[in-house]
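Asker: So the chains spell out like this:
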Amino acid sequence: MSTTTSTPHLAGSAPPAVRRGFRIPEEIGVIVALVAMMAIIGFARPRFLNPINLFSLLGNTTFLGMLAIGMVFLLAIREIDLSVGWMFNFSAVFAALLMVAGIDPWLAAFTGVLFGAGLGLVNGLIAITLRLPAIIVTLGTYSMFQGLSLIANKGRAIVPSDQSSSFFSVISTKLYGVVPVAALVFIVLALAMHVVLHRTRFGYRVQAVGSNPEAAAHAGIPTAWVRLQTLVLMGAICGLSGVMYVGFRGAIDPNEGSDFVLVVIAAVIIGGTPLSGGHGTIIGAVIGMMIIQVISSGLIFFGIDATWSTFVTGAVTVLAVSLDRLIKYQRTRRLERRRETFHG
Amino acid sequence: MATCKTGSMLVLGAVALALGASSTHAEDVTVGFVAHAQGDPFVQQIQDGAQAAAKDFGLKLVVAQQAGGAPEGQMKLVQNFANSGAQGIATSVPGESMAKGLNEILGSGVPIVQFNLLSTKVEAPYVGEKSVESGRILGRMIVEKLGGEGAKGTVILGNCFPGFPVLENRAKGVEESLKKAPGLHVLGPFDVKVSAVDNYNRWEQLYGANPEAVALIGLCAPDVTSLGKLNAANGDKFVAGGYDLTELNLKAIKEGHAYVTIGQSAFVQGYLPIALLANAIKGGKKLEPGFYNAGSQIVTADKVDMGNGLKPISFDEAQKLAADPVATAAYYKPWTETLTADTLSAAPKPISAESE
Chain A
1 MSTTTSTPHL AGSAPPAVRR GFRIPEEIGV IVALVAMMAI IGFARPRFLN
51 PINLFSLLGN TTFLGMLAIG MVFLLAIREI DLSVGWMFNF SAVFAALLMV
101 AGIDPWLAAF TGVLFGAGLG LVNGLIAITL RLPAIIVTLG TYSMFQGLSL
151 IANKGRAIVP SDQSSSFFSV ISTKLYGVVP VAALVFIVLA LAMHVVLHRT
201 RFGYRVQAVG SNPEAAAHAG IPTAWVRLQT LVLMGAICGL SGVMYVGFRG
251 AIDPNEGSDF VLVVIAAVII GGTPLSGGHG TIIGAVIGMM IIQVISSGLI
301 FFGIDATWST FVTGAVTVLA VSLDRLIKYQ RTRRLERRRE TFHG
Chain B
1 MATCKTGSML VLGAVALALG ASSTHAEDVT VGFVAHAQGD PFVQQIQDGA
51 QAAAKDFGLK LVVAQQAGGA PEGQMKLVQN FANSGAQGIA TSVPGESMAK
101 GLNEILGSGV PIVQFNLLST KVEAPYVGEK SVESGRILGR MIVEKLGGEG
151 AKGTVILGNC FPGFPVLENR AKGVEESLKK APGLHVLGPF DVKVSAVDNY
201 NRWEQLYGAN PEAVALIGLC APDVTSLGKL NAANGDKFVA GGYDLTELNL
251 KAIKEGHAYV TIGQSAFVQG YLPIALLANA IKGGKKLEPG FYNAGSQIVT
301 ADKVDMGNGL KPISFDEAQK LAADPVATAA YYKPWTETLT ADTLSAAPKP
351 ISAESE
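Protein sequence lines, in the order shown, are assigned to chains A and B.
Under our numbering, think of the first position of the first sequence as 1, with each following residue one higher.
Under our numbering, think of the first position of the second sequence as 1, with each following residue one higher.
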């Protein structure tokens with residue numbers, strides 16, 4: 001008689017070798033929800049499926065969607081950054097002020113991304129030094145970054161006067177008249193970050209620390225360093241989103257970003273990243289942000305009045321999340337039944 | 001099975017919404033109306049004006065609003081209206097970053113009218129108050145109440161949305177008038193936030209830190225209510241002034257806890273953009289960029305000036321109008337009847353007139 005031992009897959013470790021073949025993605029639930037919503041709206045209002053509208057929706061997803069990508073890493077490591085909107089704003093203001101001062105917009109934009117990373121570093125250093133959760137630290141830096149941004153922009157929109165640079169034309173260009181370049185950058189960033197989260201040592205470490213910080217520390221993972229890296233990454237992504245916003249819209253307003261954080265966290269959670277950490281899905285977050293945009297657009301296509309739209313937005317979001325969870329539940333049940341059959 | 005049920009519910013829900021929305025397709029022309037600060041009583045009064053215009057001109061008006069005042073969220077709503085085939089859009093413009101996107105929509109042939117919050121870079125007409133001038137009026141009223149040019153003491157100025165050009169202009173006008181009394185020392189403008197709770201707290205803290213202040217002036221809709229409460233709680237020691245004719249603001253004035261509120265003709269700010277769009281769409285005319293003055297209203301407990309050549313009313317009547325959109329539409333009838341195809345087609349004043 002022989003015994004078979006099976007090693008469970010640990011979060012943060014490299015996935016075990018499995019047989020190759022088609023695997024239904026874990027995001028199938030939200031993908032189905034998104035497609036169902038688009039099909040229903042498109043059936044009732046065919047104009048919704050016009051490519052111009054669909055790419056416009058993708059463009060609308062870009063700036064907040066980028067922040068959602070960074071937030072996946074944070075939730076996966078059991079952290080939440082509340083200051084994302086103001087890191088976005090402050091980086092954009094910083095870059096725009098450099099452009100106003102005559103610095104080449106490309107260089108100013110690059111500096112803006114570094115500036116965003118610097119803001120993330122501030123969050124990270126405070127969190128690690130004081131051993132505080134990022135949510136507590138960023139509760140304070142939320143107002144700090146907002147206040148500093150207001151001081152820098154003197155309460156007024158920053159509009160780079162010379163927008164003849166290729167920076168503005170490239171970022172705001174629409175390929176073939178419909179595909180926004182900014183949206184393409186967003187998709188490339190999403191794919192790159194998907195690889196980083198699931199195929200690199202940093203990504204495995206993020207998930208390991210989020211899954212069980214004590215076990216990760218015992219395993220020799222420098223948890224503080226990984227937390228710091230994640231918060232800096234979030235800041236850099238906020239910086240990238242902010243400078244692209246300046247390129248796309250040609251200006252940054254003093255209050256832009258103020259309402260971003262809840263939408264970003266909602267998109268990540270709708271997408272399937274749990275608040276409990278240890279796991280995250282970039283693709284899910286992107287789909288989650290698209291669901292939010294499709295709901296918003298669908299309400300207008302259906303002509304639903306503003307007084308009802310807030311309720312309907314919430315209700316459809318709950319339905320979409322329910323659909324996702326039910327599909328996941330069914331998959332888990334099916335898997336369990338297969339295991340029982342196999343062992344039986 | 002459960003999945004199928006949920007899926008069916010999603011389908012049924014959306015189809016029900018679609019059918020529900022279809023039943024309102026009585027009119028040929030659909031116009032989108034996008035505003036900031038959902039739930040704010042003043043913005044609701046603007047919306048009531050827009051609904052009255054849609055009824056008078058036989059348009060279908062679809063309203064979309066966002067809770068705060070961030071430009072990106074509002075730009076997306078405008079974009080959705082343009083993509084959904086709306087023949088015209090009226091929107092407040094809470095930030096310069098909307099200008100590029102709005103001009104692209106204008107370039108695609110969809111007419112846009114701005115109201116209440118303006119970007120001078122948008123190549124579309126704007127309906128609103130003369131913001132610097134309304135600030136001057138408010139400042140002048142406060143100086144007079146404090147004793148004229150010989151007035152002395154500390155005056156606190158609060159702005160609920162630092163950075164909004166219209167509010168910054170109001171502050172400029174208020175400060176300009178206050179300077180005529182060299183003995184007045186102005187503190188601020190401070191950020192007093194827009195939500196009712198935050199707004200009161202900020203004013204309470206400001207007064208707590210400056211109990212010697214002789215006047216507190218706000219630039220937004222919630223301020224007069226907050227200042228009235230604060231004054232009542234402190235024995236009515238300071239002069240309170242601010243903006244907008246909401247029910248609660250008028251109550252604070254009536255009870256004597258606040259002195260003056262400046263209205264910016266919310267009804268006109270909602271009605272006129274829709275009237276301009278209706279005239280342009282039905283007449284196939286292009287709307288020229290420019291400024292349409294909605295007019296200022298001056299309300300104290302003793303005097304109600306509703307502006308726009310409207311008949312004088314008592315304070316009680318002003319209070320009733322603030323709470324009743326139907327009565328407001330009836331009161332404004334003499335003004336709405338002046339809006340003929342000719343008057344609506346007349347060239348507006350240059351946009352610079354807004355901040356004169």
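Check each hint, because a few of them may be wrong.
What the hints assert, rightly or not - Taking CB as the label site, the calculated pair distances span:
hint	chain 1	residue 1	chain 2	residue 2	range
1	B	Lys349	A	Gly102	47 to 53 Å
2	B	Pro350	A	Ile28	56 to 62 Å
3	A	Trp308	B	Asn201	28 to 34 Å
4	A	Ile28	B	Glu123	45 to 51 Å
What the hints contain is simulated information worked out from the structure, not anything from laboratory work.
We treat Cβ as the ideally placed atom computed from N, Cα and C, and that holds for glycine.
Asker: None of the hints should be skipped; say for each whether it holds.
Answerer: Hint check results:
1. A hinted range of 47 to 53 Å for the beta carbons of Lys349(B) and Gly102(A) is inconsistent with their spacing of about 35 Å.
2. Judged by the Cβ atoms, the range 56 to 62 Å given for Pro350(B) and Ile28(A) holds: they are separated by roughly 57 Å.
3. Against the hinted window of 28 to 34 Å, the Cβ-Cβ separation of Trp308(A) and Asn201(B) comes to about 31 Å, which satisfies the hint.
4. Here the CB-CB span from Ile28(A) to Glu123(B) is close to 46 Å, well matched to the stated 45 to 51 Å.
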